[in-house]
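Undergrad: Now for the letters of each chain:
There are 2 protein chains.
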Amino acid sequence: MKAEIITIGDEILIGQIIDTNSSWLGQELSKLGIAVVHRTSVSDNRKAIVDALNAAKQRADIIIMTGGLGPTKDDITKHTLAEYFGSELTLNQEVLDWVTKIFRMRKLPMIDTNRNQALVPSNCEVLFNKTGTAPGMWFDIDGKIFISMPGVPFEMKSIFETHCIPKLQKRFELPVIIHRTILTCNIGESFLAKKIEQLENDLPPHIKLAYLPSVGMVRLRFSGSHTHYATLKNEIDVIIEHLYEIVGEYIYGEENDTLEKNIGLLLKGKNKTVSTAESCTGGYIAHLITSVPGSSAYYHGSIICYANDVKINELGVSPEVLNTVGAVSEACVLQMAQGVRAKLKTDYAIATSGIAGPDGGTAEKPVGTVWIAVSGPSQTIAQQFNMGDNRERTIQRSAIQGLDMLRKMLLAE
Amino acid sequence: MKAEIITIGDEILIGQIIDTNSSWLGQELSKLGIAVVHRTSVSDNRKAIVDALNAAKQRADIIIMTGGLGPTKDDITKHTLAEYFGSELTLNQEVLDWVTKIFRMRKLPMIDTNRNQALVPSNCEVLFNKTGTAPGMWFDIDGKIFISMPGVPFEMKSIFETHCIPKLQKRFELPVIIHRTILTCNIGESFLAKKIEQLENDLPPHIKLAYLPSVGMVRLRFSGSHTHYATLKNEIDVIIEHLYEIVGEYIYGEENDTLEKNIGLLLKGKNKTVSTAESCTGGYIAHLITSVPGSSAYYHGSIICYANDVKINELGVSPEVLNTVGAVSEACVLQMAQGVRAKLKTDYAIATSGIAGPDGGTAEKPVGTVWIAVSGPSQTIAQQFNMGDNRERTIQRSAIQGLDMLRKMLLAE
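Chain order of the listed sequences is A and B. Going by our numbering, the first residue of the first sequence is number 3, and it counts up by one from there. Going by our numbering, the first residue of the second sequence is number 3, and it counts up by one from there.
It should be emphasised that the hints constitute simulated quantities derived from the structure, not laboratory data. Among the hints, a few may not be true.
Treat identical chains as interchangeable: a pair holds within one or across any two.
What the hints assert, rightly or not - In silico DMTMM-like pairs for lysine to aspartate or glutamate, Cα to Cα no more than 20 Å straight-line: (1) K210 to E13; (2) K33 to E163; (3) K263 to D361; (4) K103 to E191; (5) K345 to D311; (6) K263 to E199; (7) K132 to D391; (8) K33 to D12; (9) K263 to E322; (10) K103 to D391; (11) K172 to E256; (12) K4 to D53; (13) K367 to E251.
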């Protein structure tokens, strides 16, 4: 079964708002086993909407529109749909009663534009909107389903969940679709692809693999389509087991996991604590760790030591180290990690020192040079990296590396 | 001049990633005076791409594609484009040299998939990608411009800014468009709108105002279109002067300023330094400050004190305060700000302590309660806020408040 999503509104085209509705609908439709084959955004005008509908019904069985239904819009969508489906706008009493009730509750006067929200094309089925005033509409015409919903995200979601999901499941015989996403870090997309080339070549035609890269990370998404759930699930499980055998060392989680969330789980499971000493990452590791709810259970804090004096006075880095090999060195990050672990009384610690740029690079230590140390009860290790010449990404990559080094130490101990 | 944006990739259709590229491009094209008339997202397959190109060139003069250019095999865009434009993939030596250089710099081996990134259709003009390995491509065919760029947002942005904007301005006669963006913080959109209602009503029809809200901030973008640059510029200048008179206290900058960048400029101008002591913001203020290049000139560091022991031992917060009024209190943040300022030897300091949630709230101090202090050479002040019940937004709003309180103190002294 194929679907197309059409969003209506100039505010999307000029980038004034980001279209999160389509992403959400894409996820929900995929879960239902409905393939989204196309997405379109068009202007608030009759011709654009009609052209989009004509093109969509050539490609898809289910056409889902969002936007263009609010009270201040020109109501162009509703008139266009009535005309497109050869019907007329008529008053829906249930919707009118609901709109009237909302205005009474909010003690607001009701004007004609509000009353007009109860007008719907006579050949649609109303999808009642319990979170707002603009109703959704369902048209079942020539074997295709056309759905129109308001663009306000929570209203759209509520209508889709309450009405559309059960109605689509009833109306169509839907296949089984399974998605599994495996999260890797600190290996480039092309190296990962090389390592799993054989696995990828051996995939059956009904299971697809997609690489989804972001800074320091690549997500691997396996998507399978089949008639039988258990068979497909088993097939994908076997593939992913094999994937772990090949590149398990780079895998830090699955689906919506994050490195910082998984480290939190590991620390809580072992009843251990962590602190950080950050120079070049400037608090970004601390921010990631503390963005996880409940992190105060295992995170004591950080000494962010942008100034060398802070490294010496707060972390016990020796002035000789700074004077000889400098702050961006193995010796310095080792002392930083051990220093903060002792001072903040934690079981583990991460330390970073590097040249995030754009200035400060030398021939010996170019911009992007970063030393990272992780200290635990049984060892302190340090590693050097080159993170490239972009400040923001150097900070992000260093944070991911530091967290991943901690993760590996936690797993090994 | 009309443009259409085509994004390529199943990850967008199934909603695994949110399409922020199209929004960004929509904004940039609008600024250039180019109307985005349509947006399309299609699957990674030849027919879908060809159909989208055929439809787009009926509607638009400029067709911009993003996505589908990475090194791995789920990318077929380049082959499809070569075929579509009746040309073949040939090796571009400049791109190959660049890719080779990147791999040498990062001390990584180069494999065939990396080398293939240097293959481009022979009739395109290469848009050199200085932030990655996949080049952009520019086709000027039958009076229409087709642009293909990688989907990684920072690579796409860099290519568009460096190459596409100047090339589009040269290739087409674009109208005079002036945008001015004024940045406000710590005032809600509807309150701001109420305050500047009269100014907005008095705008001439060729100057539009858009409200662009984000967490803790609202950007006001004035966009004018005219035939004569100087007249338009003067008109907008007068309006903005008036805007400063009405809501100047909420304005922290213009265009691409950030609070942290402007604070950096103020500190450098006064030759002063700052440190931070962060509990509920967990390093996010430090991260914002250190994301500014050159911040080591005025930023010494931070004590992130998630644990109460760290507040006591490192910042000198008195145990009595913690035992009586607690960590989320005026007394605590005042001691934190003064403590970190003394310890890290800076002229100014910001301190935060609050309940970011979702747990830890009480009837007296519900989730979202945050105390923020700013300490300077002549005074230390503290203020209480309620930042709402979302952890991420509470962290962000608290950071913005803390930075803005520092900015105001710096301006006043």
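Undergrad: Please go over all the hints and tell whether each is borne out by the structure.
TA: Okay, the hints, checked on the actual structure:
no.	hint	verdict
1	K210 to E13	between (34 Å within a copy, 12 Å between copies)
2	K33 to E163	within (12 Å within a copy, 37 Å between copies)
3	K263 to D361	between (33 Å within a copy, 16 Å between copies)
4	K103 to E191	between (48 Å within a copy, 18 Å between copies)
5	K345 to D311	both (16 Å within a copy, 10 Å between copies)
6	K263 to E199	neither (30 Å within a copy, 45 Å between copies)
7	K132 to D391	between (42 Å within a copy, 11 Å between copies)
8	K33 to D12	between (29 Å within a copy, 14 Å between copies)
9	K263 to E322	neither (38 Å within a copy, 34 Å between copies)
10	K103 to D391	between (48 Å within a copy, 13 Å between copies)
11	K172 to E256	neither (27 Å within a copy, 47 Å between copies)
12	K4 to D53	both (19 Å within a copy, 17 Å between copies)
13	K367 to E251	neither (29 Å within a copy, 44 Å between copies)
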